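Visitor: Model the full structure from these sequences, guided by the hints.
There are 6 protein chains.
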Amino acid sequence: MSPRFDTILLTGAAGRLGTHLRRGLAPLARRLRVSDRTEIADLQPNEEAVLCDLADADAVLEMTRGVDAIVHFGGAPLETSWQTILDANIRGSYNIYEGARKNGVRRVVYASSVHAIGYHKVEDHIDTNASHRPDSLYGVSKCFVEDLSRLYWDKFGIETVCCRIFSSFDQYTDRRMLWSMLTFDDCVRLVEASLTAPRVAHSIIYGTSNNRHKMVDNSLAGHIGFEPQDSTEPHRAEVEARLPPADPDAPAARHLGGWFVNLGHPDDEQKT
Amino acid sequence: MSPRFDTILLTGAAGRLGTHLRRGLAPLARRLRVSDRTEIADLQPNEEAVLCDLADADAVLEMTRGVDAIVHFGGAPLETSWQTILDANIRGSYNIYEGARKNGVRRVVYASSVHAIGYHKVEDHIDTNASHRPDSLYGVSKCFVEDLSRLYWDKFGIETVCCRIFSSFDQYTDRRMLWSMLTFDDCVRLVEASLTAPRVAHSIIYGTSNNRHKMVDNSLAGHIGFEPQDSTEPHRAEVEARLPPADPDAPAARHLGGWFVNLGHPDDEQKT
Amino acid sequence: MSPRFDTILLTGAAGRLGTHLRRGLAPLARRLRVSDRTEIADLQPNEEAVLCDLADADAVLEMTRGVDAIVHFGGAPLETSWQTILDANIRGSYNIYEGARKNGVRRVVYASSVHAIGYHKVEDHIDTNASHRPDSLYGVSKCFVEDLSRLYWDKFGIETVCCRIFSSFDQYTDRRMLWSMLTFDDCVRLVEASLTAPRVAHSIIYGTSNNRHKMVDNSLAGHIGFEPQDSTEPHRAEVEARLPPADPDAPAARHLGGWFVNLGHPDDEQKT
Amino acid sequence: MSPRFDTILLTGAAGRLGTHLRRGLAPLARRLRVSDRTEIADLQPNEEAVLCDLADADAVLEMTRGVDAIVHFGGAPLETSWQTILDANIRGSYNIYEGARKNGVRRVVYASSVHAIGYHKVEDHIDTNASHRPDSLYGVSKCFVEDLSRLYWDKFGIETVCCRIFSSFDQYTDRRMLWSMLTFDDCVRLVEASLTAPRVAHSIIYGTSNNRHKMVDNSLAGHIGFEPQDSTEPHRAEVEARLPPADPDAPAARHLGGWFVNLGHPDDEQKT
Amino acid sequence: MSPRFDTILLTGAAGRLGTHLRRGLAPLARRLRVSDRTEIADLQPNEEAVLCDLADADAVLEMTRGVDAIVHFGGAPLETSWQTILDANIRGSYNIYEGARKNGVRRVVYASSVHAIGYHKVEDHIDTNASHRPDSLYGVSKCFVEDLSRLYWDKFGIETVCCRIFSSFDQYTDRRMLWSMLTFDDCVRLVEASLTAPRVAHSIIYGTSNNRHKMVDNSLAGHIGFEPQDSTEPHRAEVEARLPPADPDAPAARHLGGWFVNLGHPDDEQKT
Amino acid sequence: MSPRFDTILLTGAAGRLGTHLRRGLAPLARRLRVSDRTEIADLQPNEEAVLCDLADADAVLEMTRGVDAIVHFGGAPLETSWQTILDANIRGSYNIYEGARKNGVRRVVYASSVHAIGYHKVEDHIDTNASHRPDSLYGVSKCFVEDLSRLYWDKFGIETVCCRIFSSFDQYTDRRMLWSMLTFDDCVRLVEASLTAPRVAHSIIYGTSNNRHKMVDNSLAGHIGFEPQDSTEPHRAEVEARLPPADPDAPAARHLGGWFVNLGHPDDEQKT
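Residue numbers (our numbering), protein chains in the order written: chain A, 1 to 272; chain Z, 1 to 272; chain D, 1 to 272; chain H, 1 to 272; chain U, 1 to 272; chain V, 1 to 272.
Do not take every clue at face value.
The list makes no distinction among identical chains, and a pair is therefore deemed to hold if it is satisfied within one copy or across any two copies.
To be verified - With a Cα cut of at most 16 Å, we get these calculated EDC-like pairs of lysine to aspartate or glutamate:
| id | residue 1 | residue 2 |
| --- | --- | --- |
| 1 | 214 | 227 |
| 2 | 214 | 42 |
| 3 | 102 | 87 |
| 4 | 121 | 39 |
| 5 | 102 | 192 |
| 6 | 121 | 154 |
| 7 | 121 | 48 |
| 8 | 214 | 48 |
| 9 | 102 | 268 |
| 10 | 121 | 98 |
| 11 | 102 | 267 |
| 12 | 121 | 62 |
| 13 | 102 | 230 |
| 14 | 102 | 123 |
| 15 | 121 | 217 |
| 16 | 102 | 68 |
Simulated from the structure, these hints should not be mistaken for laboratory data.
Predicted model only: the values in this text are computed from it and were never measured.
Guide: So, in structure tokens, the structure goes:
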């Protein structure tokens with residue numbers, strides 16, 4: 001059987017998750033156009049590399065030409081200065097959606113984040129209709145793209161799945177990751193499901209593996225067909241032996257966003 | 001152990017689902033009274049056939065005598081002329097409930113349909129409390145019986161489970177069935193659960209198998225104890241190879257009712 | 001200023017409410033087509049009478065020709081035999097909607113009833129999204145038309161306001177009317193608002209005056225612009241002196257539908 | 001690996017569930033302080049027994065000293081006289097929370113009960129936010145401790161998980177237990193989860209095994225990480241053969257609290 | 001016209017609100033039985049005084065004999081020691097409900113308090129279904145009576161209105177009272193409405209005047225028919241000139257319960 | 001009595017609403033700092049003018065020094081090019097919040113807009129918790145500031161009221177304004193209420209006058225104390241005589257955002 005898509009564009013392809021997605025999405029498309037600001041290593045035969053700064057509207061317009069779907073994982077992946085957030089995440093994502101609109105791309109899968117709703121409490125069990133409560137400028141930029149993509153669906157008919165990824169790393173650096181982790185394999189499953197679901201309209205979905213402690217409610221995202229297969233339980237003993245428990249009422253334990261709620265303003269920190 | 005029921009009446013027994021229910025319900029009752037407008041083939045020793053037009057009140061009153069429970073799957077199974085809907089589905093079901101009331105039948109399992117709520121959107125993830133939004137005259141008749149049976153519970157103490165069956169066929173004729181299908185075996189499980197749950201009062205439950213893409217929310221029906229065992233995933237590759245994808249924003253892909261929302265008025269069509 | 005409508009059709013024009021609506025709607029249309037099964041007295045110059053049985057599809061089709069809006073108050077106004085409910089309310093209303101569809105009528109105002117939701121409890125404070133819980137066959141027929149009109153909106157673009165009238169009489173016959181009454185003047189205001197609101201789509205609205213005790217929640221109907229001006233308080237002293245209080249936990253006091261919940265099945269009663 | 005807790009206090013340790021918890025909690029703490037009004041049999045090396053009447057504030061203050069967590073299963077386990085409820089459940093639990101506050105205990109796991117919400121209906125599928133609807137004085141005392149512990153969280157920062165246990169017995173004495181049973185092993189899992197979850201704040205969780213018929217909704221308790229492993233299905237055939245079905249509309253079948261709703265006032269019964 | 005009730009019992013009649021209720025309820029009953037722990041001044045011809053400690057079950061049983069309705073405003077009106085709360089509010093209210101049950105009293109109006117839900121936030125706009133979040137032992141005792149009265153309704157058919165009074169004083173001692181005040185006249189209106197509504201079942205209602213800033217939602221209490229007539233606006237200028245504004249994020253400004261959330265544990269304070 | 005504030009900063013002071021706010025806010029502060037990109041006419045003795053481009057971070061930081069509260073009505077007031085939206089609304093508002101944070105301003109009143117939720121339907125009656133559904137780039141920028149201000153509340157303790165103004169003009173240019181209008185006087189009342197409410201935390205409130213047709217639900221904003229005094233009804237006859245009705249199902253009549261949903265992408269239009 002031929003792959004479902006002719007060409008998928010993957011932004012942020014040189015990043016941590018991008019590397020795993022390159023491998024994971026390969027079977028879905030005849031050609032994977034992989035893009036980042038930096039050179040991409042180990043280019044595969046099915047891949048086509050584009051060196052591109054997302055803040056460059058013309059370059060993005062060019063890059064999105066001839067594409068069936070966009071997996072948009074590019075941009076700053078962490079709290080950083082306002083100027084970087086503005087350029088890489090806000091202007092960059094705007095350019096992606098303009099490219100999609102002008103080039104007739106029908107579906108985008110966007111790497112949103114828990115930090116768009118990081119100030120909600122763990123025990124509130126929010127679903128995907130919960131109000132935005134960003135915990136950082138980074139989180140504000142994720143909210144911006146969620147709102148922008150809503151407009152591009154309602155007005156221009158471009159479907160988007162906003163995947164609010166919690167934690168997707170290769171190491172456990174605090175106990176919170178025991179409930180927040182999305183394994184790389186489950187991340188691939190999440191993007192694959194978002195690309196292939198029969199209808200996504202404008203959808204939001206939380207991205208964690210099938211971990212024991214479930215802090216959020218994905219029941220409004222059943223139409224995506226995401227079924228995580230992994231769990232962090234096999235790592236519990238090792239992690240709990242190595243890392244101390246958090247005070248259950250410390251801000252970072254109380255809120256979904258974890259230690260992001262403890263961060264000060266990034267521009268203050270730059271000055272020190 | 002003796003079967004749970006002495007006599008169950010099954011209407012629509014000659015139909016597609018009726019045939020499977022005859023087999024599936026056999027262990028539940030000493031005797032299965034099987035009824036349809038047309039002759040029923042291959043009558044089994046535990047079965048008792050009644051040839052009956054549901055629009056005939058006296059015949060239905062007679063047929064419901066001495067019955068412990070009714071599995072009401074009779075009537076027109078698809079969009080058709082108003083006169084047929086009125087006779088077979090509206091008057092016919094009224095006659096069934098009057099028969100139940102006069103003959104002291106305590107529980108009815110009714111074949112309602114996704115078409116009672118077909119205009120809700122796929123991504124709305126309605127639960128069983130959602131408002132009626134029929135997509136056809138057929139759907140309106142399903143709403144009618146849901147409302148009628150609510151009265152017969154509130155006023156006359158007759159329990160009903162309204163099973164809103166999505167698609168239950170032996171062939172996949174469009175990709176939508178990959179999420180809407182209720183296999184025949186799961187259909188039997190659904191009716192068996194509805195008959196044997198300790199208390200159903202007046203309940204509504206969605207009928208699909210345990211498919212990958214979940215468009216509706218059955219969490220308010222947990223007291224029925226329906227646990228579908230099948231999934232359409234084994235058929236995905238074959239179906240997707242054979243049948244084209246739908247535009248995700250076409251009316252039939254947007255709404256739960258599928259292609260029923262595209263149908264014109266049946267009486268117009270009769271005239272052509 | 002010329003009236004907003006050229007021709008409004010009013011069914012049930014010879015009835016209790018019809019009589020008040022003839023007067024109240026006169027300023028809204030150049031011509032009022034007034035229809036009933038019986039002769040209409042005191043025909044006014046702006047009125048055009050049509051003697052019509054709603055169960056006669058051809059007659060209704062004729063009657064709805066050239067009409068801008070329909071105020072559908074015809075049909076059986078109380079619990080009665082199934083056959084009458086079926087003919088006058090179910091088939092009759094179907095004929096009205098078919099007439100509207102074939103003749104291009106854009107908006108219908110329908111006299112629904114508290115009896116469509118009569119089994120909800122007084123203290124539940126349901127809003128207009130509450131599930132149907134009819135308290136009578138009459139109530140089931142009101143549910144039917146609410147569902148049918150939903151289809152005619154979703155599929156055929158005909159707007160309807162379903163006015164769930166509580167009690168609209170010229171005498172207080174029990175204390176319940178102190179909270180359930182819709183004065184005739186407020187009934188006219190309700191229909192006028194339903195006809196003239198900028199957009200009604202398919203809406204449900206509860207019809208009581210601005211009485212002291214508020215049992216239901218109309219906040220989802222604010223787009224209709226109905227502002228009742230009357231209250232039953234001026235009648236309280238007289239009514240309470242004349243009529244005994246109900247036991248607060250008697251079925252008729254417990255449920256919105258009042259004494260309808262005490263009625264047996266109408267066809268049983270006919271036989272005695 | 002060393003156990004997670006140094007000392008856990010278990011009240012009601014001589015009771016039915018206490019006996020199973022002694023065994024089940026042993027791996028979690030270096031030392032288990034086991035308390036009851038009556039002597040505790042078979043004291044284990046890791047256990048430390050305290051004979052204590054919960055109504056004795058000084059004794060409870062002493063008993064809660066040096067404790068990391070409290071598993072509070074003590075008090076009257078069934079409907080009984082007001083005086084006993086007042087002393088054992090209301091005053092006794094107040095003393096426990098005062099002991100926790102004065103001794104700096106950070107988390108309590110409390111044996112609440114279905115009888116705190118016993119008058120909700122089976123088909124209402126309440127979640128853990130549902131209003132209190134106690135079915136007995138016993139149930140009222142469970143509501144009291146749920147409210148008291150909410151205060152001790154909001155004001156004094158002591159976390160509590162209120163486990164609303166349905167039925168946890170070693171025999172099936174009615175068919176209701178087929179849906180209400182929490183096996184002893186699942187009870188241990190529930191308490192273990194409540195003790196070890198990263199953050200519980202003030203939480204309520206329903207305690208049944210993973211039975212076929214699901215009457216309540218635990219989705220707001222996902223942060224506890226309770227995953228029942230048992231089901232009553234293996235017992236169904238035996239139980240249904242031995243015990244008669246209940247009328248689905250009998251009060252004890254209609255309400256979550258079961259036969260508690262049939263009980264009169266306990267002080268009346270004492271007099272007979 | 002004769003008064004609606006023969007005999008109403010008012011507890012707490014010597015208190016601040018009791019004094020106003022004696023005057024306000026006089027027209028409703030032929031006889032007002034007024035009770036308190038202390039002597040009641042200025043006894044009126046329609047009044048009958050009972051000196052009674054609510055903790056004395058026999059005395060309360062005697063006092064509730066021959067009574068049509070109880071307005072239960074007795075007990076400790078503020079945060080105080082646990083022993084006083086237990087005796088005056090918990091045992092005292094239990095005695096009242098037992099008196100009502102044994103003597104066939106059909107309706108109770110209970111002085112609950114904002115302090116039963118004092119830890120909810122001002123901007124949460126809770127309605128009367130919100131979970132208990134008491135801010136004091138006093139508040140816990142209010143929760144207890146709300147739960148107890150729910151049982152006495154569900155099981156014994158005694159109606160109760162729980163009036164969650166915010167602030168009802170004759171002086172403004174902080175700016176919060178500008179939104180929390182229930183004037184004495186509105187307090188009388190609230191009790192009068194609760195006594196005379198056609199059906200109250202078990203209801204909760206918030207008690208403030210019609211003040212400008214509305215922190216809670218009374219829409220589920222419309223069946224009580226309480227229409228406050230007063231507002232604090234005429235006092236604003238004087239109060240704001242005299243009393244300083246609170247920091248909007250101080251605990252007492254953040255939560256509905258006001259300064260009660262700042263109180264420590266009353267038994268600690270007694271010791272200092 | 002001295003005014004409540006020493007210095008209020010008003011941005012957008014030369015705009016349509018700014019002009020009315022200069023007059024309306026005068027009594028609230030000793031000094032009004034009025035700012036815009038263009039010269040402000042008729043400077044009053046209580047006013048201090050600042051010519052400032054909001055995109056200039058240093059200028060905004062300077063302008064927000066010594067200010068007690070900010071009324072932020074500056075920025076592009078209509079759909080316009082992405083670059084203008086980015087500079088004037090996104091960067092400009094970020095600069096305002098940074099100014100507030102660095103200068104210790106405690107409360108901001110922000111001119112959000114119906115266009116932040118413009119794709120919700122008229123009959124959906126959304127409240128202020130509804131998801132963002134912007135209808136334009138302008139609307140997306142309003143969403144951005146709502147999200148940004150949420151962060152500045154949760155993390156930095158700066159209160160904001162987001163006033164979602166519908167239409168506030170001096171002329172009626174379509175019939176929609178009959179329900180969407182906020183008169184200038186009511187706009188002043190809305191801002192005054194937002195500035196003086198005892199606690200606003202982070203709040204959203206809809207801004208229309210007390211018009212007949214109510215499309216949105218402000219009940220979650222009761223703590224703001226906004227009580228509109230005007231209505232559009234006096235203008236109805238004139239407006240309806242002058243301006244044609246809209247088709248009730250035209251996109252601009254269907255959605256809250258009105259004709260903004262019909263706009264194409266602004267950057268496309270610039271090119272024609």
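Visitor: None of the hints should be skipped; say for each whether it holds.
Guide: Hints, one by one, checked against the model:
no.: 1; hint: 214 with 227; in the structure: both (14 Å within a copy, 11 Å between copies)
no.: 2; hint: 214 with 42; in the structure: neither (37 Å within a copy, 38 Å between copies)
no.: 3; hint: 102 with 87; in the structure: neither (21 Å within a copy, 23 Å between copies)
no.: 4; hint: 121 with 39; in the structure: neither (39 Å within a copy, 43 Å between copies)
no.: 5; hint: 102 with 192; in the structure: neither (24 Å within a copy, 44 Å between copies)
no.: 6; hint: 121 with 154; in the structure: between (30 Å within a copy, 12 Å between copies)
no.: 7; hint: 121 with 48; in the structure: neither (42 Å within a copy, 38 Å between copies)
no.: 8; hint: 214 with 48; in the structure: neither (39 Å within a copy, 35 Å between copies)
no.: 9; hint: 102 with 268; in the structure: between (39 Å within a copy, 10 Å between copies)
no.: 10; hint: 121 with 98; in the structure: neither (35 Å within a copy, 26 Å between copies)
no.: 11; hint: 102 with 267; in the structure: between (35 Å within a copy, 11 Å between copies)
no.: 12; hint: 121 with 62; in the structure: neither (42 Å within a copy, 35 Å between copies)
no.: 13; hint: 102 with 230; in the structure: neither (38 Å within a copy, 43 Å between copies)
no.: 14; hint: 102 with 123; in the structure: neither (43 Å within a copy, 26 Å between copies)
no.: 15; hint: 121 with 217; in the structure: within (13 Å within a copy, 20 Å between copies)
no.: 16; hint: 102 with 68; in the structure: within (13 Å within a copy, 43 Å between copies)
The structure fails hints 2, 3, 4, 5, 7, 8, 10, 12, 13 and 14 (numbered hints given earlier, in ascending order).
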